[in-house]
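> Sequence:
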Amino acid sequence: MAQAPGTLDAASLRILERLQQDSEISIAELAEQVGLSTSPCWRRVNDLKEAGIIRGCVAVVDPLSLGLAVNVFVHVSLEKQTQAALRAFDEAVRNRPEVMECYLMSGEADYMLRVVVEDLGQYQKLVLDHLTRIPGVANIRSSFALGQVKYTTALPLGHLTR
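In this text, residue positions in the sequence shown follow my numbering: the first is 47, and each later residue adds one.
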């Protein structure tokens, strides 16, 4: 249960900004950097977790170091946009480890996926063996990333300080 925007004070926002840069920082170091003592800082971090604002802490792994060199943005159109068709597609892509992100869209395509694979052969296998077999899929268009210009997991927080 996330708090309403604008209900976070300056200290909590400083905590969020710092944790988005490095979630492995010690509570003592975090407290010093955001201008709090250790116990209140620890309580605020726990409150942010309990409120659902901090959803988790993960390692950001370099895909190239694991041989995952191909990023594909996949636009999928369905035959019909019924609840059953949407649910079937959602369930099918949730189980695919190559699908890093999936969004229900407005516009030309019903879904946009970001897929990470080793090579074109692996992508072809994903499309032919999995995506085309999902009931109701009418069209699949692919755009291949030539390079990554920016990647961040840190959300902008400036609008909360106005």
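A couple of the hints might just be wrong.
[What the hints assert, rightly or not] The calculated label-pair distances, taken between Cβ atoms and stated as ranges, are: (1) W88 <-> K171: 30 to 40 angstroms; (2) T84 <-> R179: 37 to 47 angstroms; (3) E78 <-> A200: 32 to 42 angstroms; (4) V106 <-> N141: 17 to 27 angstroms; (5) E96 <-> P202: 15 to 25 angstroms; (6) T207 <-> I71: 32 to 42 angstroms; (7) F190 <-> R101: 43 to 53 angstroms; (8) S72 <-> S189: 34 to 44 angstroms; (9) G193 <-> V104: 20 to 30 angstroms.
[What the hints assert, rightly or not] The calculated lysine-lysine pairs, modelled on DSS-like cross-linking and capped at a C-alpha distance of 30 angstroms, are: (10) K126 <-> K171; (11) K196 <-> K95; (12) K196 <-> K171.
Simulated from the structure, these hints should not be mistaken for lab results.
From the three backbone atoms N, C-alpha and C, an ideal C-beta is built for every residue, glycine too.
> Is it true that the C-beta distance of E96 to P202 lies inside 15 to 25 angstroms, as the hint says?
holds (23 angstroms)
> With respect to the beta-carbon atoms only, verify the hint that G193 and V104 lie 20 to 30 angstroms apart.
holds (24 angstroms)
> Verify the proposed pairing of K196 with K171, using a straight-line Cα cut of 30 angstroms.
Distance ~28 angstroms between K196 and K171 Cα, so the pair holds.
> Please verify whether K196 and K95 have alpha carbons no more than 30 angstroms apart.
holds (27 angstroms)
> Given the hinted pair K126 and K171, is their alpha-carbon gap at most 30 angstroms?
holds (25 angstroms)
> Does the Cβ-Cβ separation between T207 and I71 fall within 32 to 42 angstroms?
violated (21 angstroms)
> State, for the Cβ atoms of T84 and R179, whether the hinted interval 37 to 47 angstroms holds or is violated.
Given a distance of about 54 angstroms, which is not inside 37 to 47 angstroms, the answer is violated.
> Regarding E78 and A200, is the given constraint of 32 to 42 angstroms on their beta-carbon distance met?
violated (21 angstroms)
> Is 17 to 27 angstroms right for how far apart the beta carbons of V106 and N141 are?
Taking Cβ atoms as reference, V106 and N141 lie about 23 angstroms apart, which means the hint holds.
> Given the hint of 34 to 44 angstroms, check if S72 and S189 actually sit that far apart at their C-beta atoms.
The hint (34 to 44 angstroms, Cβ to Cβ) holds, given that S72 and S189 are roughly 42 angstroms apart.
> Taking 43 to 53 angstroms as the hint, is the beta-carbon distance of F190 and R101 inside that range?
About 30 angstroms separates the Cβ atoms of F190 and R101, which means 43 to 53 angstroms is violated.
> That 30 to 40 angstroms hint for W88 and K171 (C-beta), does it hold up?
violated (47 angstroms)
Checked against the numbered hints above, the structure breaks hints 1, 2, 3, 6 and 7 and satisfies the rest.
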